[in-house]
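S.K.: Mind assembling these two chains? They're in different frames, but the hints should get you there.
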Amino acid sequence: EAQVTQNPRYLITVTGKKLTVTCSQNMNHEYMSWYRQDPGLGLRQIYYSMNVEVTDKGDVPEGYKVSRKEKRNFPLILESPSPNQTSLYFCASSPLGGIVGYNSPLHFGNGTRLTVT
Amino acid sequence: GQQVMQIPQYQHVQEGEDFTTYCNSSTTLSNIQWYKQRPGGHPVFLIQLVKSGEVKKQKRLTFQFGEAKKNSSLHITATQTTDVGTYFCAGNSGYALNFGKGTSLLVTP
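Protein chains in written order, with my numbering: chain A, 1 to 117; chain B, 1001 to 1109.
Extracted from the complex, chain B is given alone in its bound form (with noise of 0.2 Å):
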């Protein structure tokens, strides 16, 4: 199916610094998800972005899909320990939702 690549694979960071992880695709995407997954537990959805250039809020997360629709960012401001997890990108260019790799967020007091 198509690549959805995510970087970094991991990222370690002090409580109060950002945290920023990337998703990319080689073909254009229809719309793409976010979710977020705590150290033994379950994704859970967090947002989706449909349209090209747009940003959200949640809070201190702020997510943009890109102008071209190929690629979209999750940026964390000041972390929290509660932020601690792996967060997921996952976009659709036809009938599939196909995920990217995540990116695991340690915060450390």
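Looking at chain A on its own, in the form it has when it is part of the complex (with noise of 0.2 Å):
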């Protein structure tokens, strides 16, 4: 079944204890992208890739680290946590990206839900 998988679907950490949340994809996806959803605020794009060794900062990246070193798994890592990086995450893919004008749909992982205490 092609999907967006991510893990751990949820977790509870303490602020600076250094943390990854996982993301695989089965589709041969160039585009990966990491998302922040936040009540009131919506998605916000944390961090992209739109391909092997290319990643791009987005809207909202400071705390935040990827890495893109297999085309199937797109990490995002927080070194050191803190309560303002409480959210729901999702990780998402599409065939194309990064060209200008156009987008393909996304598919999303089911998410990770984070508390940072």
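Honestly, the hints are just simulated from the structure, not real lab data. Take these hints with a grain of salt, some might be off.
Stated by the list, open to error - Distance windows between CB atoms, simulated:
no.: 1; chain 1: B; residue 1: Thr1081; chain 2: A; residue 2: Ile12; range: 24 to 34 Å
no.: 2; chain 1: B; residue 1: Gly1016; chain 2: A; residue 2: Asp59; range: 36 to 46 Å
no.: 3; chain 1: A; residue 1: Ala2; chain 2: B; residue 2: Ser1052; range: 24 to 34 Å
no.: 4; chain 1: B; residue 1: Thr1020; chain 2: A; residue 2: Asp38; range: 19 to 29 Å
no.: 5; chain 1: A; residue 1: Val54; chain 2: B; residue 2: Arg1060; range: 37 to 47 Å
no.: 6; chain 1: B; residue 1: Arg1060; chain 2: A; residue 2: Lys69; range: 38 to 48 Å
no.: 7; chain 1: A; residue 1: Thr115; chain 2: B; residue 2: Lys1056; range: 37 to 47 Å
no.: 8; chain 1: B; residue 1: Ser1030; chain 2: A; residue 2: Met27; range: 22 to 32 Å
no.: 9; chain 1: A; residue 1: Lys71; chain 2: B; residue 2: Glu1017; range: 41 to 51 Å
no.: 10; chain 1: A; residue 1: Asp59; chain 2: B; residue 2: Ile1007; range: 17 to 27 Å
no.: 11; chain 1: A; residue 1: Gly40; chain 2: B; residue 2: Thr1020; range: 13 to 23 Å
Note that the structure is a prediction, hence the values are computed from the model and not measured. Even for Gly, the Cβ is constructed at its ideal location relative to N, Cα and C.
M.R.: If you want it as structure tokens, here you go:
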């Protein structure tokens, strides 16, 4: 089944303890992206990747890191989480992206609800 | 990044009533996409509009893209309880897809 898989679904951690949220897609998509969703703020892009070894900042990249060493995986790393990073996180992928004026539909993972105390 | 404004933020209707959400951009969009997120779920792609003045229908849902490609709307005729969720528009005028804040629809039986 074609899908975007995120792990874990729920995570509670403490301030300053490094964590990684994994994201994997089995559709051979070039484009992958991370979003955070907060009440009243909608979906805000954190980082995106147009292909292997190519990553770029979205609208809210502070406090996050990503890597794209393989086409299928796009982990989100919080080196020193803080309470303001408590949020619902979504990974998404699409066949094409990074082409000016064009985006193919995004396929979203099921989300990771992160709580930082 | 580019701003995509979406209104209203919330809408509560009785089952059978119509519903419309609007999306506006200050810049011309190359295309616009619409997504639906059920409560507790993830956004799911509904449709993409590309041409100026384009209108597309999916059963009771009608999507429009403005002539100037700066606005779009989603209209649901005769809402059902299965329509409950948050509807997002996402506009593109460069490399990135920018999401509106969404309209949360509640349908009372």
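S.K.: Decide, hint by hint, whether the structure agrees.
M.R.: Tested hints:
1. A hinted range of 24 to 34 Å holds for the C-beta pair Thr1081(B) and Ile12(A), which are about 33 Å apart.
2. Under the hint 36 to 46 Å, the C-beta atoms of Gly1016(B) and Asp59(A), about 39 Å apart, fit the expected range.
3. Hint check: Ala2(A) to Ser1052(B), Cβ distance near 32 Å, so the stated range 24 to 34 Å holds.
4. Between Thr1020(B) and Asp38(A) the beta carbons are some 25 Å apart, a value that agrees with the proposed interval 19 to 29 Å.
5. Range check, Val54(A) to Arg1060(B): Cβ separation about 41 Å, and the 37 to 47 Å hint holds.
6. Range check, Arg1060(B) to Lys69(A): Cβ separation about 45 Å, and the 38 to 48 Å hint holds.
7. Distance hint for Thr115(A) and Lys1056(B): a CB-CB separation of about 39 Å, consistent with the stated range 37 to 47 Å.
8. Under the hint 22 to 32 Å, the C-beta atoms of Ser1030(B) and Met27(A), about 23 Å apart, fit the expected range.
9. Judged by the Cβ atoms, the range 41 to 51 Å given for Lys71(A) and Glu1017(B) holds: they are separated by roughly 46 Å.
10. Under the hint 17 to 27 Å, the C-beta atoms of Asp59(A) and Ile1007(B), about 20 Å apart, fit the expected range.
11. Between Gly40(A) and Thr1020(B) the C-beta distance comes to about 21 Å, which sits within the given range of 13 to 23 Å.
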